[in-house]
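S.K.: The primary structure of each chain is shown beneath.
There are 4 protein chains.
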Amino acid sequence: MAKPLRIGLIGYGFMGRAHSNAYRKVSNFFDLEYQPVLKAICARNAENAAAFAKKWGYESIETDWRKLVERDDIDAIDICTPNNSHAEIAIAAAKAGKMILCEKPLSMDGPEGVKMVKAVEKAKVPNIVWYNYRRVPAVTMAKKLIEEGRLGKIFHYRAKFLQDWTISPDLPQGGAGLWRLDVKAAGSGVTGDLLAHCIDTALWLNGSMDSVTAMTETFIKQRKHTLTGKTEKVGIDDACAFLARFKNGSLATFESTRYARGHKALYTFEINGEKASIFWDLHDLHRLQYFDHKDEGKLRGWRSIHVTDHGGEHPYMDKWWVPGLQIGYEHSFVHQVADFLASLSTGKPAGPTFRDALETQYVCDAVLKSAKSAKWEKVPRVK
Amino acid sequence: MAKPLRIGLIGYGFMGRAHSNAYRKVSNFFDLEYQPVLKAICARNAENAAAFAKKWGYESIETDWRKLVERDDIDAIDICTPNNSHAEIAIAAAKAGKMILCEKPLSMDGPEGVKMVKAVEKAKVPNIVWYNYRRVPAVTMAKKLIEEGRLGKIFHYRAKFLQDWTISPDLPQGGAGLWRLDVKAAGSGVTGDLLAHCIDTALWLNGSMDSVTAMTETFIKQRKHTLTGKTEKVGIDDACAFLARFKNGSLATFESTRYARGHKALYTFEINGEKASIFWDLHDLHRLQYFDHKDEGKLRGWRSIHVTDHGGEHPYMDKWWVPGLQIGYEHSFVHQVADFLASLSTGKPAGPTFRDALETQYVCDAVLKSAKSAKWEKVPRVK
Amino acid sequence: MAKPLRIGLIGYGFMGRAHSNAYRKVSNFFDLEYQPVLKAICARNAENAAAFAKKWGYESIETDWRKLVERDDIDAIDICTPNNSHAEIAIAAAKAGKMILCEKPLSMDGPEGVKMVKAVEKAKVPNIVWYNYRRVPAVTMAKKLIEEGRLGKIFHYRAKFLQDWTISPDLPQGGAGLWRLDVKAAGSGVTGDLLAHCIDTALWLNGSMDSVTAMTETFIKQRKHTLTGKTEKVGIDDACAFLARFKNGSLATFESTRYARGHKALYTFEINGEKASIFWDLHDLHRLQYFDHKDEGKLRGWRSIHVTDHGGEHPYMDKWWVPGLQIGYEHSFVHQVADFLASLSTGKPAGPTFRDALETQYVCDAVLKSAKSAKWEKVPRVK
Amino acid sequence: MAKPLRIGLIGYGFMGRAHSNAYRKVSNFFDLEYQPVLKAICARNAENAAAFAKKWGYESIETDWRKLVERDDIDAIDICTPNNSHAEIAIAAAKAGKMILCEKPLSMDGPEGVKMVKAVEKAKVPNIVWYNYRRVPAVTMAKKLIEEGRLGKIFHYRAKFLQDWTISPDLPQGGAGLWRLDVKAAGSGVTGDLLAHCIDTALWLNGSMDSVTAMTETFIKQRKHTLTGKTEKVGIDDACAFLARFKNGSLATFESTRYARGHKALYTFEINGEKASIFWDLHDLHRLQYFDHKDEGKLRGWRSIHVTDHGGEHPYMDKWWVPGLQIGYEHSFVHQVADFLASLSTGKPAGPTFRDALETQYVCDAVLKSAKSAKWEKVPRVK
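Residue numbers (my numbering), protein chains in the order written: chain A, 13 to 395; chain B, 13 to 395; chain C, 13 to 395; chain D, 13 to 395.
Watch out, some of these pointers could steer you wrong.
Since the list can't tell identical chains apart, any single copy or any two copies may satisfy a pair.
Said to hold, decoys possible - The calculated DSSO-like cross-link candidates involving lysine-lysine, where the alpha carbons are at most 27 Å apart (straight line), are:
1. Lys276 - Lys134
2. Lys287 - Lys390
3. Lys381 - Lys136
4. Lys196 - Lys79
5. Lys233 - Lys259
6. Lys134 - Lys233
7. Lys196 - Lys236
8. Lys259 - Lys287
Hint data in this document are derived by calculation from the structure and do not stem from the laboratory. Just so you know, these numbers come straight off a predicted model, no measurement behind them.
With the rest of the complex left out, here is chain A (with noise of 0.2 Å):
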């Protein structure tokens, strides 16, 4: 008999449709003892709670998110809300006793996340962070690659996420869709946002970082801010690249922008390893690039393997159609869920957990740091 895992969704913007979508499919995909019911769905304007409940089938909303987390009906709180109340909300959440899954990043900077992981950790509660792109077939599978020793030693890591949606000085920064321009609501520009995805995947893959040196850059300085109907300094990073060195020795390259003309959401990483490479791309993500030195000589080429396949060779792809029919960005998701669902029967949490992404959380300070610097920081460990 299927357990039920009910959950509270706070905000309702893009994540949180994503996040609803992953609920409500996973259970038609995947054969797993808990099953997602969407409990309630918690907003300001109940209006628009009221709409979003009913085209996604939650039972209930609610307007204050205390009220969410103190609910008895609620087993898990899923936070969709802009950075800067991540922290309030998990700690609330965590001392309810609830479940948390909270979308990255996990925190404003490392030292509220530490305040983060103490909480759900003295709770006991089980708790996620939303970097989806670990669950994307193709990725998951590169890890799988690396840990059976398929690369060898690795020598380098590049990783970029570019985009091009703020060229404009036009486009206002703050409010609905656009709190992600606002330092206060976003803590940081693209290193929040975009690289932390990055960081975030190059740990799970390549382990630890010792130290990175960063510059970033704010292109346009002033933008109108939605809120306040006035012109105001631009606080965020628009652009960002660090060096950094892994403590595997591998050397490393990162990069992520809003003002690279022609790209939506190129995120691209590739590895180099002594015996084989990989590379992936957001932009067609149901597919790995890989390449094999053991393979002979005249014949050696990069391969492109559409991650399609079934009969469980290609991470998850069993779950859905046939070989050769791929998948989308929202399946990354109801993986992430899968996974979480799964984790509540073994009782082996999901990664990453709100410790794993502290760890991105001390690699964006350092690069922020570094950037004011001029330096090489040291990224500190995560206690």
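Could you slot chains B, C and D onto chain A? The hints should help.
M.R.: Structure of chains B, C and D alone, referenced to chain A:
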């Protein structure tokens, strides 16, 4: 207030899942007057039907499609059974006044298809065939570009659909999952299964065909039959290629096979017009390749358009995520459901109707006839 | 001590340049017993011949090819004239005991080709036809892979050669640079000019063809003739597509056109075998795409092999630069010269000989015949 | 009447061949007042020099470069020796009044480069450095697009040059073919060998750099030295990455390594401007990727431009074959010779001159300095 469209689904295989998923998702993403209600699933085996109903949320089960067709609480019959049962079910459903959503190909052959067309037109019930690839956004955009006159006079059309899953002689024919190899159930091999998709798209994009010349081959002559347990002659075509002349004067090549090592579902088409050309590939379905001769000379090149932009510019994509984030195979079915639901409000049929799909059937018939006659065969006109 | 091979070149157009460049370069890169000496260039217009001789270092000029053929200081005649003069020149050169390097296609048709084959075989002079694409390293490697049995039984062959340079109706036919549009000079349109390349490669890689069915089209029915100044009927085929059955049981599609907007010289071929598949594309001629089914399941993918590796593993490439640095179109001619020179030392003919090329001619004839008869036509066996 | 440019080449390795080929070919394809004459090849070993002279058609040999430099029948000295001999030879050649074509990098470091610049400028002799990639047609076109203002304000520049040929610890350092691993001969590792190319292109396309921060690594710490026979410390950088700020306000990342498994000579650069972006890749050097934001919204996409079109629209390509037929690596050298020869007629220097190349040297120095200091370093201005 939303109006329900009560669905009765017959068959629960690959397509049963794809359609169910589409019915469940459409209202989360599209704002429509009508909303599907999963009323009943019908399968011969009650246990299987019950399991499927539970997994997908169907309210009830049936084990006899005739009973389903007669139920008063069903508005629309969705036929996901093997090809040899489409006609009987569809005709009965039409007589019962049900709307019909029929899997492709419409029928075993043209004459059978004619009866189906007559039945639905006599009953005046909305009807549609699941040629889902029309509604991949990149393909829908191709249609719009052609309608806007951007390609000018068409010179060439070329399509292929390549797979490799039947190369092993150990693969049996017949039975669950393998009825596509059994000529009695399928009617033909790649012609009805794969080329039918290519033909439907081609007729939609490029108009009617005048005549064809074809060749077919059955590489593996005998296979064990799953149902009889005996090694039996294989009656289907493993591969089929044909040349065609369209009524607009363009020349075409079509090819399909299940013996193209390395391809899983490589459906591609290219259209060369006087002014521009387009190319699409199911293996990267979220992209459209486009060449426009009116681009400045030195800067002419094939554009790889990532069809994921919102704002109504890329068909259907404003309903999904944000630019750069791709959708997958399953979304084409959601789009088809959305368009079918919208057609109930507007009264303007969503294609391909049974009548539209009959033309594809006629082309398939001419192709198979030519493969036997070794002559060019005229494609009959749908009256 | 190097032995000279004294060349007499007839014609100084596009091919005259490509061949001259090959003769000049071959000894810089290949260590061979024979070395070409640019003895004479022959063209009707003495001034043009002199200018060409100066530019390329030919020692002398002739304005009458009959005189060239009779010269004692010429070892080999290179025929770069329009198709309708190949036979006459070649037969005379053979009678004069000259080796012959003849531009493709060999002849205007099969019967004419037979005479040429007889002439060179009677005279026992080394002879070769400039089907240069055989010697693009990636194509030569394809041949080796097939010979090594890596593809296993062949199921499918598909080739196309697409261009777009004759779409404008204002383009005239006939005369310098445009004789390819004049049926009297060219014999046929895309069939002899482009498909002949595809057919030569196919016969080399996949063996003889059994039969074909074809269609041709002339989209622009009339064009001004450069020589007469009058608008005349166009006699060539603008486009041609055909289906073929090879003697090894494989099925094939071939297509060529000069009306494929966006393609300049898109010669591609793909071969699907039981065990592996290969794909090649002239637009990126330094790459070979390769899929090997014996790769580990989850890691199977099309390999993009950059055929630029040295050490003898990639054909011809040890003669050029270093890995990763590509060669271009012209190098295929250098390779052909190198192989021809080597054949003079070994006594083992370098293909395609006139006899080899006659088979291509027979296929072209069958294709053009089928386009008229609308029937399948047998390809005659070369006796 | 053609004027001879009598070349004296020093060194006969990889670059000696590339340059000789360029000298031999240029007059066949370009109509220029000056024509190279292969007067003398200089190498320490007379036998090797003679063999090279014979293969390439040099009229004479020298075994002491000082003698070559003094010869009256030499107009230009081409320096193809290891980096540590460039300065001495170049300065002597300048004093002797010879034009100089010097392999890259110009010098071992900036101060040495300054002396070379002074020498050639004092002697007023034409001088150029072989940064050949500027003259790959796609790269030259990139320059033109930028000059035409098509990209608008530049936000980002990113370049990398990845190889994998030194991964094996068994590879020795020093001696013929391996001097690039010997810090005494090479000065540095990938920085001077590979990044110098990236930097030259970047300075040309994007203007001067303000400052850099870098990291380098030597993965294999010791290698056997070919000359001494002993295992010695490796002094070069195996990998180097740096961040840069250009004076035009754009941010940049640069990376090079010889430990990127799967890449042979993957030199790529991308430039993101306000209005358009471009990308180029040496592994497919005949293509330029271009994204233009002013394209109609729904049809925006990266264009893959096959830079092989004639008519003067694609740089240099009207000299070669016909559209669609690619050239290769070696042609960039031919173009450089052609431009150098043309500059002798016009009196307008062809870049990069020694002075231009000095700036690249300064960037390299700053990069290597930063790798040691772990700080941002200013790039000195070339005075």
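S.K.: Please go over all the hints and tell whether each is borne out by the structure.
M.R.: So, going through the hints one by one against the coordinates:
{"no.": "1", "hint": "Lys276 - Lys134", "in the structure": "neither (40 Å within a copy, 50 Å between copies)"}
{"no.": "2", "hint": "Lys287 - Lys390", "in the structure": "neither (29 Å within a copy, 38 Å between copies)"}
{"no.": "3", "hint": "Lys381 - Lys136", "in the structure": "neither (32 Å within a copy, 50 Å between copies)"}
{"no.": "4", "hint": "Lys196 - Lys79", "in the structure": "within (25 Å within a copy, 62 Å between copies)"}
{"no.": "5", "hint": "Lys233 - Lys259", "in the structure": "between (36 Å within a copy, 18 Å between copies)"}
{"no.": "6", "hint": "Lys134 - Lys233", "in the structure": "neither (42 Å within a copy, 47 Å between copies)"}
{"no.": "7", "hint": "Lys196 - Lys236", "in the structure": "within (15 Å within a copy, 57 Å between copies)"}
{"no.": "8", "hint": "Lys259 - Lys287", "in the structure": "within (19 Å within a copy, 40 Å between copies)"}
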